[in-house]
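Trainee: Order-wise, the sequence lines are chains A and V.
Counting from 1, one number per residue, gives the positions in the first sequence under UniProt numbering.
Counting from 1, one number per residue, gives the positions in the second sequence under UniProt numbering.
FYI, nobody ran anything at the bench for these hints, they're computed from the structure.
Mixed in with the good hints, there may be bad ones.
For chains that are exact copies, the list does not tell them apart, and a pair is met inside one copy or across any two.
[Unchecked claim] Okay, derived cross-link-like pairs now, DSSO-like style, lysine-lysine, Cα gap no bigger than 30 Å in a straight line:
(1) 102 to 47
(2) 439 to 173
(3) 289 to 387
(4) 77 to 343
(5) 392 to 343
(6) 173 to 436
There are 2 protein chains.
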Amino acid sequence: MTIDRTTLRWNGWGPVAQENALPDGAPQWDWIRTTLGMPHLPNTPAKPLSDINMPACRVGDLVLAKLRAIVGEAQVKLDDYERAFHARGKSYHDLLYLRAGKLDMVPDAVIYPRNPDEALAVVRLAAEEDITLIPYGGGSSVVGGVNAMAKSLGSPVLTLDTTLMTRLIQIDKIAMTATVEAGIYGPALEEQLQKHGVTLAHYPQSFQFSTVGGWIAARGAGQQSNRYGKAEKWLVSARLATPKGFWTTEATPASAAGPNLNQLIAGSEGTIGVICEATVKIHEVPARKDYRGYLFKNFASGVEAARRINHADIPVAMVRLSDAQETHFFQAFSSTHSETGLKARLQRAYLRHKGFDAEPCLMLVGHEGDAETVIWAQERTEAICAKLGALKLGTGPGQKWYHSRFNSPYARDPMLDHGIGLDTLETATRWSNIGKLHKAVVEAIDGAMKANMPEVTGRGIVMAHLSHSYPDGASLYFTFVFPRQLDREVEQWQAIKRAASDAIIENRGTISHHHGVGTDHAPWLAEEKGPIGYNVLKSLKRELDPTGVLNPGKLLG
Amino acid sequence: MTIDRTTLRWNGWGPVAQENALPDGAPQWDWIRTTLGMPHLPNTPAKPLSDINMPACRVGDLVLAKLRAIVGEAQVKLDDYERAFHARGKSYHDLLYLRAGKLDMVPDAVIYPRNPDEALAVVRLAAEEDITLIPYGGGSSVVGGVNAMAKSLGSPVLTLDTTLMTRLIQIDKIAMTATVEAGIYGPALEEQLQKHGVTLAHYPQSFQFSTVGGWIAARGAGQQSNRYGKAEKWLVSARLATPKGFWTTEATPASAAGPNLNQLIAGSEGTIGVICEATVKIHEVPARKDYRGYLFKNFASGVEAARRINHADIPVAMVRLSDAQETHFFQAFSSTHSETGLKARLQRAYLRHKGFDAEPCLMLVGHEGDAETVIWAQERTEAICAKLGALKLGTGPGQKWYHSRFNSPYARDPMLDHGIGLDTLETATRWSNIGKLHKAVVEAIDGAMKANMPEVTGRGIVMAHLSHSYPDGASLYFTFVFPRQLDREVEQWQAIKRAASDAIIENRGTISHHHGVGTDHAPWLAEEKGPIGYNVLKSLKRELDPTGVLNPGKLLG
Chain A
1 MTIDRTTLRW NGWGPVAQEN ALPDGAPQWD WIRTTLGMPH LPNTPAKPLS
51 DINMPACRVG DLVLAKLRAI VGEAQVKLDD YERAFHARGK SYHDLLYLRA
101 GKLDMVPDAV IYPRNPDEAL AVVRLAAEED ITLIPYGGGS SVVGGVNAMA
151 KSLGSPVLTL DTTLMTRLIQ IDKIAMTATV EAGIYGPALE EQLQKHGVTL
201 AHYPQSFQFS TVGGWIAARG AGQQSNRYGK AEKWLVSARL ATPKGFWTTE
251 ATPASAAGPN LNQLIAGSEG TIGVICEATV KIHEVPARKD YRGYLFKNFA
301 SGVEAARRIN HADIPVAMVR LSDAQETHFF QAFSSTHSET GLKARLQRAY
351 LRHKGFDAEP CLMLVGHEGD AETVIWAQER TEAICAKLGA LKLGTGPGQK
401 WYHSRFNSPY ARDPMLDHGI GLDTLETATR WSNIGKLHKA VVEAIDGAMK
451 ANMPEVTGRG IVMAHLSHSY PDGASLYFTF VFPRQLDREV EQWQAIKRAA
501 SDAIIENRGT ISHHHGVGTD HAPWLAEEKG PIGYNVLKSL KRELDPTGVL
551 NPGKLLG
Chain V
1 MTIDRTTLRW NGWGPVAQEN ALPDGAPQWD WIRTTLGMPH LPNTPAKPLS
51 DINMPACRVG DLVLAKLRAI VGEAQVKLDD YERAFHARGK SYHDLLYLRA
101 GKLDMVPDAV IYPRNPDEAL AVVRLAAEED ITLIPYGGGS SVVGGVNAMA
151 KSLGSPVLTL DTTLMTRLIQ IDKIAMTATV EAGIYGPALE EQLQKHGVTL
201 AHYPQSFQFS TVGGWIAARG AGQQSNRYGK AEKWLVSARL ATPKGFWTTE
251 ATPASAAGPN LNQLIAGSEG TIGVICEATV KIHEVPARKD YRGYLFKNFA
301 SGVEAARRIN HADIPVAMVR LSDAQETHFF QAFSSTHSET GLKARLQRAY
351 LRHKGFDAEP CLMLVGHEGD AETVIWAQER TEAICAKLGA LKLGTGPGQK
401 WYHSRFNSPY ARDPMLDHGI GLDTLETATR WSNIGKLHKA VVEAIDGAMK
451 ANMPEVTGRG IVMAHLSHSY PDGASLYFTF VFPRQLDREV EQWQAIKRAA
501 SDAIIENRGT ISHHHGVGTD HAPWLAEEKG PIGYNVLKSL KRELDPTGVL
551 NPGKLLG
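Required output: the full structure, derived from the provided sequences and hints.
Mentor: What follows is the structure, given as structure tokens:
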């Protein structure tokens, strides 16, 4: 029920044995090269693991013996592949290091507890021995959340991999909750639940390679969070292995018995304990799904539609509005063949005639549930979109998106092989501030890309979509693609990241809507939480992990 | 924009000048007396304030001078009425003390800051001088949440009354949020908001005499929480005056930037700071309201209907299901005249014929929103109720309830005048556990009432309703009425309260769904949160209020 690490790329996305999503000679390459203003596409392959000198394991024999006594001989891994696999997560920043073979930051050993009791014993041993312990689920963090950083320079690091803890403990079909061990991967979880006709329906883009515990630890969001909620919403109760023992949080549907501590677990990023089990809200597998597209004349009218859909209490699963840049990019990227055909030319003429040629923005709306509700909700959605001047595109664009909804990350490795950088970041803000924040972040990223170009002809692309909406606001997700400065690629990325993050905080967005804080957003957390809130988080850490062995450097920096 | 304390009862509910809800000679009295098995109704009036010796003010002149310098002369109150008014909240337990004139626990002075800066200065002064400070809004706590307990025996106590802080700071009609000072009472808030066409729609039974800050501090619920959410759901951000300075919590619609600290504010009960301002989610004033009744053959089928309504994602404002005892009680209480009429007899015969005579349970369902949604949702609700064998009662019972929805608390004072005790308590649990918890708590209260009766003929009544529902469960609200043991009335209440609370915790309910913890539920909090969770709360308190001056004895005991 889990995924053998040796079948997965240690320095990229997905299975070792996958097909290349963008093989050399694919029609997109020429368009990408031209768009990015690159005279040619360089060859920048990743360094193979066999060429990398792995640092020696620094964990003493006595501790290794104790670990083996807890989890069994086979569950203590010291081999190069396991250590390299667990060195970092899957951010662009991480991949720069991994692909360059810079493995100075790797765990000395990887421990796979088979159940929560073993996990607790490992946590306690780490606390007693004062050894850094990094909780690790699927390892898909894109913010440095699982990086094997030691609590002090040069001291040993253990990674606790949760993915042998995969039991489905209970399904309650009356309360519609399920209790599971938190190391279970997305597909295994859904397979088990759907056998019983139920679903958690948490489908982040990382779904195939991320775990329940990771979703909670990072306050993740599935693509259909409008209907199923972010992790902090579907989390009912968690059981954590902490240095102080097991902590099982309150599990009542609502309570006035003091502050809700589940909201401290969601977003705790392994800094106060290892999430071993979770009770989560489940749903009947929806009888009907309806995904369709609308074209808006500009981003502002699409945002207004998203807001009205939310405020009209229409039960939507997803409202995803691309800005004009993203609409253009995906259109161009997926239709390099037919651009010159008669049909395409007629379509363009029609759109120009209707006023959609300047900055058209694609919105995808998903409805899920029983047939009656889906039909009713879809009709109401359509009426709102029509009122705001949108063009109905039918179910075609919706189905196309749905079938390729986990695909984007696979395109990154081939781009990295050819000197191209690609990263994403995300935020959320109130409805009245969406336009301002969108503009500010686009300008910040654009400016930083311009200031950090490898050659005069080089150009970056930045685009965004709104994808999770709430009564008071929505999230914005930015993607940026750029020619890499091969001699200073980390610095180039840092400059862009810093500009974007500063713009987010200055313009009252959150530093992350669903990726988490990790190491990469830690410098901005204190400002977001304020000095008192930040000290509250530090006091929580001190209370539960007084020696600071759990995931140092993450969240609180 | 606030309510002068001298116009309100210091030892009971509502205005001094109100009409008696149950005057001597009202037809209900005979029914109550018979039902409770009381040979006669004793006369047990409250002691007037003029007959009570108020302890001398123990706050030194220097501190009083500093307080006056902060808030102005007129906002430091030392008179008997103000001190008595702020001695306790409005629980049955509180009223036993207040009505008996036992005012050993009163604040030495009551301070009314006029704005958050003054509130902060008062909080800081209290911390510096190590003087207990009790934050107080409407004072409607029914769990001892505002009682003037000193941090150490015999030391002075100040109460900080927030009700001069009532400004509406901002309305954002795009994001649908409002920022208000937290001392504003319910009616003043709604008056201000509704001028702009918007509403918070938080209508607890205490609405007329409770404040925004109190709702947040106690994680309160309005009667229409299904649509508008409990306080922790509509709270966007809060600004607290703490001994460490102002703490303004994060205000983004959703975030993965670490734990959500707003969820520490909701339920903090004045133990870590004074909530001075809050940003809250607002809604358009609903164009349509539809409240109607259904009669179920038993509680279980009504619970099943409530669950299905929730799981079908039908947008309801309220689903309120009385158990058979409560259905009978309110029917009898409101229809003592017509019981013997022909129409009533025919109705009873019809219900018997249809199988509704054994244990009929009344459900009230409220829909609010735009007309189209209300009609659609109402039809779907009706279909679910019909499928479960319910009898449609139309809008009559719904409208009747709606028009008297704040009235129940007014009946308590006259009952207390005649030797009758009346208290309520509430909990929540998952759907699969509702039946078991309902039975266990009814039996516990019933057993404890039987074991604590003033005379052999005496009988208590216990009844319940389900009134706030969630995907994973619902709340249960219990009301119990009993002849008082006049020589040991506190002990009698404690015995009933203890039995009910033990039953709740043993049967996996929360010790409170919306009343809060205060002093009365504090003994059960550690078990609900678990030892680690409890220590986390204590560490939060230590971090923000290291000398423990804020609302001692509440929440954490």
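Trainee: Determine for every hint whether it applies to the structure shown.
Mentor: Okay, the hints, checked on the actual structure:
1. 102 to 47: Within. Shortest intra-copy distance 9 Å satisfies the 30 Å Cα cut-off; inter-copy 81 Å does not.
2. 439 to 173: between (45 Å within a copy, 21 Å between copies)
3. 289 to 387: both (24 Å within a copy, 26 Å between copies)
4. 77 to 343: neither (58 Å within a copy, 81 Å between copies)
5. 392 to 343: within (18 Å within a copy, 57 Å between copies)
6. 173 to 436: Answer is between: at 17 Å across copies they meet the 30 Å cutoff, but 44 Å inside does not.
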